[in-house]
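Number of protein chains: 2
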Amino acid sequence: MLYLIGLGLGDAKDITVKGLEVVKHCRRVYLEAYTSVLTVGKEALEEFYGRELILADRETVEQEADNILKDADLCDVAFLVVGDPFGATTHSDLVLRAVKLGISYRVIHNASIMNAVGCCGLQLYNFGETVSVVFWTDTWKPESFFDKIQKNKQNGMHTLCLLVKMSEKITVSRMKSLFVPNKYNFYPADIKVKEQSLENLMKGNKIYESPRYMSVNQAAEQLLTIVQNRRLQGEEPEVTESTLCVGLARVGAMDQKIASGTLQQLSTVELGGPLHSMIIAGNMHPLEIDMLKLFAVDESSFEDNECQRNT
Amino acid sequence: MLYLIGLGLGDAKDITVKGLEVVKHCRRVYLEAYTSVLTVGKEALEEFYGRELILADRETVEQEADNILKDADLCDVAFLVVGDPFGATTHSDLVLRAVKLGISYRVIHNASIMNAVGCCGLQLYNFGETVSVVFWTDTWKPESFFDKIQKNKQNGMHTLCLLVKMSEKITVSRMKSLFVPNKYNFYPADIKVKEQSLENLMKGNKIYESPRYMSVNQAAEQLLTIVQNRRLQGEEPEVTESTLCVGLARVGAMDQKIASGTLQQLSTVELGGPLHSMIIAGNMHPLEIDMLKLFAVDESSFEDNECQRNT
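Chains as they are written, first to last, in the working numbering: chain F, 1 to 311; chain R, 1 to 311.
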């Protein structure tokens with residue numbers, strides 16, 4: 001049996017009791033390595049689980065899936081994923097390979113960023129399509145995620161923006177593969193991917209750069225730039241400097257931080273270390289507004305007309 | 001400290017290790033009663049947690065929140081919620097009351113139906129607004145959720161349909177409060193509400209009817225009726241008998257069941273006991289289609305043009 005087990009979002013103890021039991025009895029336990037954005041590392045997990053963990057990075061999952069699945073028809077193998085196995089990251093490929101090999105699988109769910117963002121008080125019900133925001137380079141500054149945000153907003157929906165992580169030297173082609181405008185977003189996995197520098201990639205060296213995480217500040221700044229660009233193009237963007245947003249850092253961890261305010265305010269708010277996410281609010285119910293006020297950079301931002309619209 | 005703790009979706013062991021530790025040390029532990037759609041009851045939870053649980057039904061939460069919060073500034077109180085505390089059901093009201101009373105709170109997240117539906121292989125990224133499907137009465141047959149599904153589909157998005165539970169004798173006004181067309185859906189809590197019969201409601205008796213859960217079959221039948229209605233009105237609905245859908249039963253439980261197929265097929269598929277949910281698929285990536293085929297009522301349904309659109 002292949003077990004896909006969600007670890008949740010905080011630390012080692014966010015695994016479920018059921019998940020922990022499975023981890024303890026499995027023959028082999030893999031940890032999806034490009035995920036390790038828990039507040040603790042592999043060693044802390046190993047100590048708490050009392051098990052050695054085999055790191056399975058993107059390469060391993062894609063190229064060595066057969067190793068992971070080896071004998072999983074005869075013994076139990078666990079594949080651990082930060083968040084939920086079918087949250088922001090999809091592990092459909094591993095499931096499909098398993099089924100093809102006649103291996104049964106089971107999912108042990110947990111919280112993922114996709115549902116835990118509800119902690120800010122915005123209703124999960126009222127979210128539209130989720131978008132990924134990627135780092136711009138000098139020559140590549142995609143804006144299509146902005147169109148999705150605007151479409152959600154026009155429909156009154158909130159937008160969850162996942163902020164992509166990458167090394168400074170990531171290749172442009174790699175980055176483009178993360179972000180395919182007008183196609184399907186299957187790349188949130190890359191929030192957490194190990195990245196090779198262009199030089200090492202060309203040399204075939206498996207040396208990875210230290211990661212760089214996008215902050216809410218950076219995402220807000222990119223959005224503000226797009227707002228300006230659109231105005232220069234004669235558009236009247238739906239999302240503006242005064243649009244209400246939420247910045248979330250380390251959701252589910254002990255030092256989780258949430259800040260709500262205008263897009264302008266979020267470009268300077270201090271939320272600390274990764275992982276950050278951001279929400280662009282759509283229409284809000286009074287109860288949603290009351291909740292967001294708990295995290296307000298400046299409560300008066302909530303007194304204008306925008307958030308009262310349609311309520 | 002007030003702890004809002006998600007219990008996940010399956011049984012007693014789906015609580016997180018962290019959540020269980022908190023439950024064990026809290027002075028009082030409340031179980032949100034209108035949630036109990038785990039596969040186990042209160043007694044099984046009490047046995048596993050080693051703690052007595054105080055049932056807190058809708059009435060208690062709304063009218064007796066002060067009891068729940070009593071002394072929570074001096075001691076620790078836990079409020080247990082099936083799924084995630086900010087999943088389909090919102091507990092913002094309790095949080096806001098706590099903050100007003102100067103009581104700190106913490107959320108211990110878990111899987112909820114809002115993210116666990118990803119197990120069918122459809123990307124959470126690509127879901128639009130979530131809708132609730134309610135039981136029709138002879139005189140009240142709302143169709144506005146259908147418009148939301150169609151809007152999502154036009155935008156290429158999937159729609160999660162939460163299927164509402166209620167007693168057979170629920171009052172129409174109560175049902176209308178569950179489902180407010182063109183306004184905000186704050187009522188998924190009511191999937192799990194204890195219902196009074198009209199007679200008992202009028203007499204002021206606190207006698208609740210045994211609940212009736214909507215099945216995927218029933219939801220599909222209602223949708224098929226709306227499709228027919230729309231055609232009679234001269235419309236060409238976007239959602240039809242051959243639209244691909246997913247029926248999910250008891251997600252996260254050992255006997256979870258998933259079936260994919262056309263809306264017509266789902267009107268007769270057998271998924272067993274509650275709780276059921278349903279997804280109306282939007283545009284699909286080939287990987288999403290491959291996953292859905294694992295659960296196909298009839299794989300040939302996936303060979304037509306519809307699901308290939310935009311891929």
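Honestly, the hints are just simulated from the structure, not real lab data. Owing to the predicted nature of the structure, the values given are computational and were not obtained by experimental measurement. Certain hints may be false.
Copies of the same chain look alike in the list, so a pair counts if it fits in one copy or across any two.
[What the hints assert, rightly or not] Lysine to aspartate or glutamate pairs mimicking EDC-like chemistry, simulated, CA-CA at most 16 Å apart:
| # | residue 1 | residue 2 |
| --- | --- | --- |
| 1 | K293 | D93 |
| 2 | K141 | E221 |
| 3 | K100 | D290 |
| 4 | K257 | E235 |
| 5 | K70 | E241 |
| 6 | K13 | D290 |
| 7 | K100 | D66 |
| 8 | K42 | D290 |
What hints, given by number in increasing order, does this structure fail? The structure conflicts with hints 4, 5, 6 and 8, although it agrees with all the remaining ones.
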